[in-house]
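A.B. asks: Chain residues, written in single-letter form:
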Amino acid sequence: MRALAFKARVLFATRFAEMAEYRAEVVIWMLSGTLSLVMMLVWMAQAAAAPGGQIRGYSAPEFATYFLSTWLVSQLLVVWVSHELDFQIRQGTLSPQLLRPVDPMWLHVASHVAERLVRIVPLLVMVGVFTWLSGASFTREWWAYPAALGLAALGFSVRFLYEYAIGLLAFWTESSASFQEVVWLVYAALGGMFAPLAFYPEWVQRVAVWTPFPYMLGLPAQLLAGKATLAQAGRGALVLLVWLAVFWVVRLIVWRVGLRKYGAVGA
Amino acid sequence: MTGDRGGAGDAAVRVRDLRKGYVVHEKEPGFLGSLRSFVSRRSRVVEAVRGVSFDLAPGEVVGFLGPNGAGKTTTLKMLSGLLHPSGGEVRVAGFEPGRRENAFLRQITLVMGQKQQLIWDLPALDSFLVNQAIYEIPDAQFRATMAEFTEVLGLEGILKKQVRKLSLGERMKCELATALLHRPKVLFLDEPTIGLDVNMQESVRAFVQDYNARYGATVMLTSHYMADVTALARRILVIDRGEVVFDGDLARLAEQGGGGKTVRLQLRRPATADELGRFGSEVRVDGLSAELTVPRALVSERAAALLAELDVADLTVEDPSIESVMASLFGARAGQAGQPERTPEPV
Chain A
1 MRALAFKARV LFATRFAEMA EYRAEVVIWM LSGTLSLVMM LVWMAQAAAA
51 PGGQIRGYSA PEFATYFLST WLVSQLLVVW VSHELDFQIR QGTLSPQLLR
101 PVDPMWLHVA SHVAERLVRI VPLLVMVGVF TWLSGASFTR EWWAYPAALG
151 LAALGFSVRF LYEYAIGLLA FWTESSASFQ EVVWLVYAAL GGMFAPLAFY
201 PEWVQRVAVW TPFPYMLGLP AQLLAGKATL AQAGRGALVL LVWLAVFWVV
251 RLIVWRVGLR KYGAVGA
Chain B
1 MTGDRGGAGD AAVRVRDLRK GYVVHEKEPG FLGSLRSFVS RRSRVVEAVR
51 GVSFDLAPGE VVGFLGPNGA GKTTTLKMLS GLLHPSGGEV RVAGFEPGRR
101 ENAFLRQITL VMGQKQQLIW DLPALDSFLV NQAIYEIPDA QFRATMAEFT
151 EVLGLEGILK KQVRKLSLGE RMKCELATAL LHRPKVLFLD EPTIGLDVNM
201 QESVRAFVQD YNARYGATVM LTSHYMADVT ALARRILVID RGEVVFDGDL
251 ARLAEQGGGG KTVRLQLRRP ATADELGRFG SEVRVDGLSA ELTVPRALVS
301 ERAAALLAEL DVADLTVEDP SIESVMASLF GARAGQAGQP ERTPEPV
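Those protein sequence lines, which keep their order, are chains A and B.
Heads up: the first sequence begins at 1 in the working numbering, then just goes up one per residue.
Heads up: the second sequence begins at 1 in the working numbering, then just goes up one per residue.
Chain A with its partners taken away, still in its complex shape:
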């Protein structure tokens, strides 16, 4: 157990030092992921022009709160592991990692967690600025914050695992990046990045509830906006736990089968 704690501490500390080298890039990267903020402007304008100043119960400030929350949560769910794996497998730079007695997945986990810490301070500053500019107003229910954070943590884990499995498809294909693009679109749409899920046709909503996306992105955003209950958060967490188990197994199978296909070209 002590060895495990030592391993985790050293891996995290090294990855944090590595990420800190790229702190400016991390902030710029955050600014590039502003789809939610663009959607915020669109929906705020629509609500302001609508009769009664509302669309399906959302006023302009409520849209601001919802989309700002979506942006905040999506920043905590950022995962780039599929791109890294795609590159490592095609270029053969996965090889040195395979020679060490640790699953390379943990090195990626350490990088992502460390990056989150580098990101957190500028993220909160930006949320503050955008809140002031947009007139957003977050919930005053204290329990909504740990609940949203817990769902975001579960959501990150689920997203990390399925993105990992997608990256591993590079064992079979020339590049797995196109798969990632398609899955991102589904994640953004069903997660509620374009609009709250309740705005979609009913059949889409019926399909969406079977996927993890509404619970990892839309639900924590709704919690922060004061539009979801603790019971909904609990149900969402259960769904995400089931998906976590599913993707854990899927990742493991794809990894084991894929390694047999590995060509270890180049390095």
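The calculated DSSO-like cross-link candidates involving lysine-lysine, where the alpha carbons are at most 30 angstroms apart (straight line), are: (1) 185/B / 160/B; (2) 161/B / 7/A; (3) 27/B / 261/A; (4) 7/A / 160/B; (5) 7/A / 185/B; (6) 185/B / 261/A; (7) 165/B / 7/A.
The hints are simulated quantities; they were obtained by calculation from the structure and are not laboratory data.
Following the hints, position chain B against chain A.
C.D. replies: Structure of chain B alone, referenced to chain A:
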């Protein structure tokens, strides 16, 4: 499978009828070629390794030679568990490498090139600390190994520099130290001195020699610098077109590579290549210096004739350089009909 450790006998590495085939996709160049390939992709299997068998004893240092695409790196990758063989049997330190068990990975290392385990943006020392944690190296052993490597490799002063700011040679030394920090019992070194200057090559050779002597490690080494091989290895394995074509010591390799000896002459009066051609083959003349190859059985007779017929100031007889032996060995095989092709690089 690892329960059957006895199957490996006393060998550190045991390889039987090892095979590896790759599917290679082929495409004609140009736009039309791309279109054709899009509709119907052609592929074929290239046999990179074709029934290789050998044993390495614990503590043995073996030079693994062959031309580009002969199957050296593919074999090393299979021995270290990176590639799964298409057939045959491999045991390294009693383990089946393809299973990549942690206990196996703690006993081996594979060094390929200069950009492997070091973390590019951080000082090399951070990479050492990561490996200490990953391999669960006790503090005392870590400090002792670091002190030893720092002394032998001359790492003093570079450990706290960012890796990306190190010179090629400094980086290679750090790579080697990182790869050997856990004191592996079996070392696979693929071109460990490539691109290094002569001093740095010497330093790497001395380090490998010292490590082998200190820890009794088995070393399998590929290199295009024959000085590496002659300095480190007593036994040579030669692979060509995926098959082992020679397994023995350097002297026997020299015999097999043509059976000749090199006669070097220092003349008092110049002689032409034609004049010298009567005494041997592969004649090279450079002013008053000359070199020719003479069949082993005729060395005494030809040396006496040279001394009698030419104005010779000095005459020495040597085994041919390993480079020329390899050239003649592969040249002879290239001429044989029906040989399979070499695997395209990189593999």
